[in-house]
Each structure stands twice: as structure tokens, then as C-alpha cells.
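**Student:** So the chains spell out like this:
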Amino acid sequence: MVKKMGTEKGAKNKQIGHNQVWIRKLTKNDFVKSLPFWLLPVSLVGLFIYGAIIWNFIISLTDLSGFGRASFDSLDFDMYVRALSDSQLLFATQNTFVLLVAFTVLCLILGLALAILLDQDIRSRGKLRTIYLLPFSLAFIVTGQVWLWIYNYNYGVVNTLTGAIGLPPIEIIGNPDHILAAVIIALAWQFTGYTMVVYLAGLRAIPDEHFEAARVAGAKKYRIYWRVIIPQLKASMASAAVILMVFALKTFDFLFAMFGQYRPQVGADILATKMVREAFQKLEWAYGAAIAVILFALALGIISPYIYYQYRVNQL
Amino acid sequence: MTADNGTGSDSVSRRTVIGTAAGLATVGLAGCGSGDTTEAPADTEGGDTGDNGSTEATEETQYNSTALEVLHAWTGGGGQNAINAVAEGFKERYPDIETNFRAVGATANVQLNQLINQRLANRNPPGSFNAWPGAHLTQFIEADTQILGDITESVWAHDDMESAFIDEAKELSRFDGRYVTVPIGSHRLNNLFYNMDVIESAGVNPEDVESPADLIPLMETVEAETDAVGMAQSMANSNTQLQLWGAIHLGMHGYQSYMDVMNGEGDLEEVRESVDMHRQYAQFFNEDSATVNPPEANQKIMNGDAGFYHQGNWMAGGYNANDLTYEEDWGWIAFPGTSNMYTLHMDAFVSPADNPSPEKSIRWHRYVGSKEAQVNFNKHKGSIPLRSDVSMEEFGPFLTETMEDFQNVEYRPPTVAHGLAVSPGTLVDLREVFSSNFMGPYNVDETSQGIIDTI
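Chains A and B are the protein sequences, given in the same order.
Quick note on numbering that gives the first Met the number 0: the first sequence kicks off at 0 and runs consecutively.
Quick note on numbering that gives the first Met the number 0: the second sequence kicks off at 0 and runs consecutively.
Please note: incorrect hints may appear among the correct ones.
Unchecked claim - Sample of chain A residues facing chain B (criterion: CB under 7 Å; computed from the structure): (1) F66; (2) G67; (3) W148; (4) N151; (5) N153; (6) I172; (7) G173; (8) H177; (9) R262; (10) V265; (11) Q280; (12) K281; (13) L282.
Worth flagging that the hints you see were computed from the coordinates, not collected in a lab.
Only a predicted model underlies this, so the values are computations on that prediction, with no experimental measurement involved.
C-beta: ideal position from N, C-alpha, C; glycine also.
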């Protein structure tokens, strides 16, 4: 009897002990211990970013337009088919690509040139660096307006200069062949300073010894840069390029600041402006959402090689 | 002493912040609660007809706590003075109604229309908003749910308003027998303004011009004899190009052809001809047209940098503001070929369904339709009232002439560029046609085909 009770008690103790161990195990578990640190941010990001992306994708499969409510009975890819046959959209995509490539390349080249110059032992280079970086601190509305004045047909700086050297005035904003280049130059002006700073950080990280060794070996200065220094700036170049390209994809705010409307002058229409016009002016919500998905896919296409590269070199 | 002041203002500002936050919270709560009260009193109140506005103001009316929010497009110049005059008059008549007038400006209501679309799509309507009546409102009418409120009984039957308004205004405000909006004023759109000095030194007489083609030799003479360009034009937005094409088409092919195009039965060859005429006009435009907005283009008329300018009669507001005298510094004719027409533009206030402040909104729309509001608004705005029973005494010679023309012309075609003739989706597409093909270089074939395909 006593023995029996004893064993019962023992079992109970064992049970309690088991629970305690389980709780102790749980509290010691890394996953549980880390919960308070990531649960809130992850759920917020999940809801507001990934949730919104998924929701947007679902809407692009409906045919929601006007003031109705979405019907989810028949989901299909009609909007994407429509996108493929929309000549304006294809034109906007083409412009988006031209802007993306030209703007990024221009910024990378100018930024590299400036960074190398500023890395030389010249007087007051700190101040010069600030001067080049200043445009980056300006709001788009300021940059847009200033460049609109620079390009003005009658009193703009560009036509004042062409007049001074005896050339006829150039129509820039009103000419579909010039306008995209004009936008790219204005954007590059704003972002070159930023690219330069990224390069400068990379340059500073290169030990002086590399330079010294190359010089001792008798290499000319430009060869030192070309063979020794620039190859070591690959990482800086990659991270600057990704930021610039993703920015170029969503230049919407700059164009809006420059033209004050969702329809830039002909020749400068990009996917982002087209998307806003479809959704908010024509109330073609589903079509607008489909353009947004296309834009998202393009951005993803640019980012993912970079992320994969970072993963390969074990930086992620 | 100064330190004391410093801390004093500091604490005040903190208190203000807390107060504002509390106020916002209250507004938020009020906004949530108002949904319950929307339906109930609207019709019962509207039923007691026959009272005029002034006695009604002293009546005990149960308003909910939401302020009357009115969205409009007039951010500056005559438009701003006009809406301010109406707002002040309304506050005088209804001192116990809290109001919140919000201006959202841009060429051709682009920004305002978009904000309203978003608010209505999000089921968060304002108490009242400014829009164009007619085809522009079809997007709301054709929606699955009722987006606009029926104000036939509550507003139009009140004080015998319906019989006081002109027929065009009533037709454009009514859909399937229901009134949803109250027009506040009308601009004439087929005006061709000119600078007197330029015209005189070029030695041309616009009064002789009878068709759009007749204007071309005049513009040639202006460019040959003076430093001015033949025609001022703004192409910062393609809407002005669409508008000019509309005027040229009316002038070349008349009312019926224009209406056929607007109803989707246009003749491609006729459209081609008017688009081609437009292309010929384009060689007389100012070179910086791509970057100037309509008021800046008007500045060229005022400065003598351009001979002619086609715009709505709202541009006269700019001349008045700069103390330029009608028929001395500037003059106008009806756009060539349209002297028997008044291209109709109209502004109106619309009452959304599920109104957050239904009773206040009814009072506001009644006031918009009153003689007082129509006179105060239009004399500042440079437009004409839409009631037939107002006196034109306060309006000056230019507007009196406009009013007389309005009553005497044969046709009143609705404007295409300002939403009366085509639905908003079509209007956006038409602007795209001009943006893509007709903002220099000018592609006549693509543009005319685009117009026919779009409508």
C-alpha cells in the first residue's frame, strides 16, 4: 500500500519533473529565446510589406476597376496579357531601361572619377567632398525645378551657353529625343556625389602598401589605378550600382517634381508614372497593380544577383 | 527674463501639441461615429419645402458633429477670391456650421479629381466636392453602388431652385431623373484673346476672321511685322492641346460634326482635317511652350510676346488683375468659325452618398444654388451664373457680353477637355493621344486615328 502510494507519488514527481524539464528546455531553446527580438518586426514587415505585395499581386489577377469591389471568383492573367499588347506600356518599359542603364553607368563613371581625384593629396579636399555631396541633400522638388530652369528655352543656362558660342537655342523639354537624356543628366547630377562617397570609402580601405608596391615595381600612375586600385573597388561599385538602379526604377517622385503631373512630357514616361495614371486617374486598379508587379519583378531581378553574390562571398 | 519667456513659450507649445492631438483624436472618433447618423434625418428635413433660406437658418436643426468638408480646385487668383466669397457668405448665413474648405489645385482639376477618386474609392467621402457636371460624373453614376447622393428633394425642390436654373445646367446635373450636383458657374471656352498693341502694329483685324484657316495669314503677319509669336500656347500638359483641337474642329466642321465625334460616331477625314489645321497652328507657337503653364502663356499676351491665345474666358481674370483694360489693351473674338456657339464649361458642387455631414451638406448645396452665392462666386471668378433670375449689374462689360452671347447663340457644345463631353477614362486616354503624338513632333495620322479609336 505504502509502496504503491510511493510509486504514485514518484510518478507524479516524475511528471512534474518532466514538465519542468520541458519548460526549462523551452526557455533555453534559442528559437524561443530569440522570439522577443524578431517576432514584432517580422510580423510588421510581413504584414505591411510582403502582405501588401501579395495583396497587390492578387488584385492584379482580378479585373477590378472603377468604384466597385473586387471579385475573386475568376483570377487570371488577363492584365498581364493586356500589358504585353499595350504599346504605351512597352514604350514606358523601354524608357525605364534606358534611364536605368544610362543613369547608373553615368553615376558610376563620374563618381569614380571624382573619388579618385578627391583621394589625391589636394588642399581642402574635405570641403570639396562636401560640395560634391551637397546635391544629394536637396529635395527632388528643388532639383526638378532648378533643372527645369536650366533647360528653359528662353532664359535657361543651357541655351545661354549655346547662344554664347553662336549656336541656335536647343529645345530640350519639348523634344522627345532630348528629354530622357535631360532627365538622366539632372538625376546623375544629384546622385554622383553619393556614388563618390561610396567609392571614397572603398578607396580608404585599400592599404597604402598596394600603391607603394606597384610604384616600386615601376608601374605608371594610370596603370596602378587601372590594374590595382579599381579592381579592388568591385564591392563598392556593386553596392552603389544596386542602390542607383533600384532608385532609377522608381524615379517617379523626381519626374513628378519636375513636371508637376503624372504624365511627363512625351519621351520621358516610365513604368512608375504609367502605373499611377492607370490606377489613380483611370481607376484601372487591377491593371495598375499588374504594372506594379512588373516593376517589382524588375527590381527583384536587379537585386537578386547582388544578394546571391553577397551570399557566395559569405557576407550574408 | 528672456529665459522665463523661453520656458513659458515652451510649455505653451507642448500644451498646444497635446491639445491638437486630443482634437485629432476627437475628430477621428467623430469620423467613425458619423456613419450611424448619415441615413436618418436627410429626407425628413428636405421635405419641408417652401421655407426660404433665411428663416430656415433659425430653425432648430440637428447637425452631427462632423465639420462640413468641401474640396475644391481654386488655389489662387480669381478662383480663390470666388470660393472665399462664397465660404464667407455661407458662414454668415449658417454661423453654427463648422466648415473645412480644402483647396487642391492643378491644371484642369487633375489633382483634385484624383484625390476625390481615391477618397470615394476608399469609402471616405467629403461633405461636398467641386467637379464638372455632365459626362465627368458618369464614372460615379455607373458604379455598382450609389456613390452620389440624391439631392432632388432636399436641394433642388427647395425654394423653387429648379425653375430658376437654365436648362443646360439642369440637364448636366441630372442622371435618370435624379439631381446629384449643383452647378455654380459657367465659363465660355471658345475665346480667342489678343493683344491690342500687337494686332495694331501688325495691322491685322481679327474681326474679319471667319474660319480657322483665315487666322493663319494673320499669325504670319504678326510674326513678320512684330517681335511677337503668332500664337501663345502652353504644352506643359496635353489638355490644352486637346482643348485647342476641339475649338478648331468646331470652327471647321461645326456643331454636329463635333458632337458626332464626342458621341463616338466621328468622321475620320474631318478629324484629320482639323488635326492637320492644328499642326499648321503649331508653327506659330512660342518655342518654350513645353515648359509653360496656361497662366504663363497668358503672360505672353499681356507682355506683347504673342499675338493670339485660345483659352477659356477665365484668362480675363489675369488681365483684370494686371489692370489691363478690355478693348484697349486686350480684346477677344469667338474662336474663328464658332461665333454662333458658346463652348460650355461648368463648375459644380457634388454631394456624395454616405455623406459624413448630411444635414450640413444639404445646407451647403442649397446655398451654392442661391442667387447670393451665384453672384458672389461668378463676379470674382470671371464666369457667369447659371440662374436666369440674377441681375448682371455687378458683372462689368466683358461678362455681361458673355452672358448675352450665352443667351443668344445657336449652339452650346460641351467642352471635351474639361469633362462635360466625355467620361473621365476617355478624357485621360484622349490626353494620352495628344501627349504621345501631338506635343511636337506633330503626327497628324496617329492623332486623328487615336481620337476616333479612343471615343
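**Student:** With a cut-off of 7 Å on the beta carbons, see whether N151 (chain A) makes it to chain B.
**Tutor:** The hint holds - N151 (chain A) has a Cβ within 7 Å of chain B, the shortest such distance being about 6 Å.
**Student:** Given W148 (chain A) as an interface hint, is its Cβ closer than 7 Å to any Cβ of chain B?
**Tutor:** Status violated, d = 9 Å.
**Student:** Would you settle whether the hint for F66 (chain A) is holds or violated, based on the nearest Cβ-Cβ distance to chain B being less than 7 Å?
**Tutor:** holds, 4 Å
**Student:** Can we keep the K281 (chain A) interface hint, with Cβ of chain B closer than 7 Å?
**Tutor:** holds, 5 Å
**Student:** Report holds or violated for the interface hint on V265 (chain A), using the least CB-CB distance to chain B and a cut-off of 7 Å.
**Tutor:** Holds - the Cβ of V265 (chain A) comes within 7 Å of chain B, reaching about 5 Å at its closest.
**Student:** Can you verify the interface hint for I172 (chain A): is its Cβ closer than 7 Å to any Cβ in chain B?
**Tutor:** This hint holds: I172 (chain A) lies near chain B, its Cβ roughly 4 Å from the closest one there, short of 7 Å.
**Student:** So, N153 (chain A) near chain B? Judge it on the closest CB pair being under 7 Å.
**Tutor:** Check passed: Cβ of N153 (chain A) comes within 5 Å of chain B, closer than 7 Å.
**Student:** So, H177 (chain A) near chain B? Judge it on the closest CB pair being under 7 Å.
**Tutor:** H177 (chain A) check fails; min Cβ-Cβ to chain B is 10 Å, beyond 7 Å.
**Student:** For the hint on G173 (chain A), just tell me whether its beta-carbon gets within less than 7 Å of chain B.
**Tutor:** holds, 3 Å
**Student:** Would you settle whether the hint for G67 (chain A) is holds or violated, based on the nearest Cβ-Cβ distance to chain B being less than 7 Å?
**Tutor:** Given a least distance of 5 Å, the restraint on G67 (chain A) holds.
**Student:** Per the CB criterion, is L282 (chain A) less than 7 Å away from chain B?
**Tutor:** Since chain B brings a Cβ to about 6 Å from L282 (chain A), closer than 7 Å, the hint holds.
**Student:** Against chain B, is R262 (chain A) within 7 Å by beta-carbon distance?
**Tutor:** Result: holds, 5 Å to nearest chain B Cβ.
Hints 3, 8 from the list above are not met by this structure, while the remaining hints are.
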